[in-house]
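Trainee: Position chain P relative to chain H; hints supplied.
Chains H and P supply the protein sequences, listed in that same order.
Using our numbering, read the first sequence as starting at 1 and increasing by one per residue.
Using our numbering, read the second sequence as starting at 1 and increasing by one per residue.
Incorrect hints may appear among the rest.
One copy or any two copies: either way a pair holds, since identical chains are not told apart in the list.
[Said to hold, decoys possible] In the DSS-like style, the derived pairs of lysine-lysine whose C-alpha atoms are separated by at most 25 Å in a straight line are: (1) K185 x K238; (2) K260 x K208; (3) K185 x K240; (4) K187 x K260.
Everything labelled a hint here was simulated from the structure, so no lab data went into it.
Note that this is a predicted model, so its numbers are computed, not measured.
2 protein chains.
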Amino acid sequence: MALCLKKTGMAEKVIGVGNNAESIAKALELGIIDETMPLEEAVKAADIIYIAIPVDVTIDVVLQVLNLVNDKQIVIDAGSTKSALCQVVKDHPMRKQFVATHPMWGTEFSGPAAATSLAFAGRACVICDKELSATDALSIVEKLYKDLGMHVIYMNAENHDIHAAYVSHISHITSFALANTVLEKEKEEDAIFEMAGGGFESTVRLAKSNAAMWAPIFMQNKENVLDVLNEHISQLRKFKASIEKENINYLVELMENANKIRRILK
Amino acid sequence: MALCLKKTGMAEKVIGVGNNAESIAKALELGIIDETMPLEEAVKAADIIYIAIPVDVTIDVVLQVLNLVNDKQIVIDAGSTKSALCQVVKDHPMRKQFVATHPMWGTEFSGPAAATSLAFAGRACVICDKELSATDALSIVEKLYKDLGMHVIYMNAENHDIHAAYVSHISHITSFALANTVLEKEKEEDAIFEMAGGGFESTVRLAKSNAAMWAPIFMQNKENVLDVLNEHISQLRKFKASIEKENINYLVELMENANKIRRILK
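Same shape as in the complex, but just chain H (with noise of 0.2 Å):
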């Protein structure tokens, strides 16, 4: 984000707040943030207060922040889960400078380094429970990920989290749980990286993913992880009897139902 809003030139100064030294002292060397601060100086200094981090820490630090700006600061979050959050914040005399926001972009990567300023082009961006937001926040930061290339929608917060369950968090867990999988049968590894095809590496690219940003993700949208996971492991199941029974008629109707996701992805 940092390195898109100056690239684009939407933003003058960067001010980095981390707790994580080294990764402040990476992003410096790497010129993703022009200088850093504690945060209250920095939040002092800012127009807009950008805050990216695990989302078990995001509502603290969103409270926080809440408590120190005036109503010409903007306040935004970048969080995957949404509910609990602005549920919290829901009653803040501040609440009308915070805009709730989910940029659908990540890798398998974290840190500093990871970071590319050809992120979230094409991609689109949810705002969730808009209309608690004051017009002239919700304009500027419309507009700021538009300006990064990216569509906007539009939900509340409860039906962002059912739909980040499907289309992004069962899919981090089937990864992880694909991951685990080989580990644990396949012992001969060299094989794996041999053998290792490109279906093998998609379908199980996001098992790199950081567990520390990951866990308080699931953790916060339980009910709705474990909705869909269940389905999941149903699923799986339907396979494996229609393997085991040698139904390949029953197989097959599995096979050209999934196809059906051809008509929803390009």
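Mentor: Chain P alone, transformed into the frame defined by chain H:
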């Protein structure tokens, strides 16, 4: 394969044989094949016979072709399962003219229009039971794959099928099942379409794969596939249990274990 062989000048002429007239016409139109003939006639005219059809019909066709060839001709198959085939052809008088191969490359698309001459480079090709092929035939096939940029690895047919279950077959089942999960639970297709990021696309990509190709693969590799599938379901259950019980330490442990896949995949 035909495109690659023609592009590199390894094949002067490619005769296409198939029982789908539309596919044959398309392959002619696209210049993938130069002409078409009935199987028997084509085998007589060919130096190398390359069999790339669903694995349930591969066995019969390989036998049929081996009944027609002389000891100057080479027969190759490209199937994703190897045990059943190698078992059946083992005692054929022309077994030595046959080389059992599995070039580990593919996409979720099928048919002549999906062909690309950029296939294969940088990927592995498994050759099974090489000691049962004539030295000359083996050398030519090794050169053929190496000239396409593949690295050749050797294993017996049984080991191939075990490894293929881990690094290819389970990825496809997971992806099919994930597509069905989302299609089943997520009725708001617009939301999937709008929100689906790169993560979802990459884990669900293989769900577009051809059912007629994959059903026989899962059937022929039934025991290995079920073994891996059971393990995968049990790995997913561990995620389920850790989220249900809000056991964050265990959840993080599961994900950090999955991160070890980084060691194997760059």
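Trainee: Against each hint, give a clear statement of whether it holds in the structure.
Mentor: Okay, the hints, checked on the actual structure:
1. K185 x K238: both (22 Å within a copy, 16 Å between copies)
2. K260 x K208: between (28 Å within a copy, 8 Å between copies)
3. K185 x K240: Answer is both; intra-copy 18 Å and inter-copy 20 Å each pass.
4. K187 x K260: Between copies only: 13 Å across chains, 35 Å inside a chain, cut-off 25 Å.
This entry satisfies every hint, going by the numbered hints stated previously.
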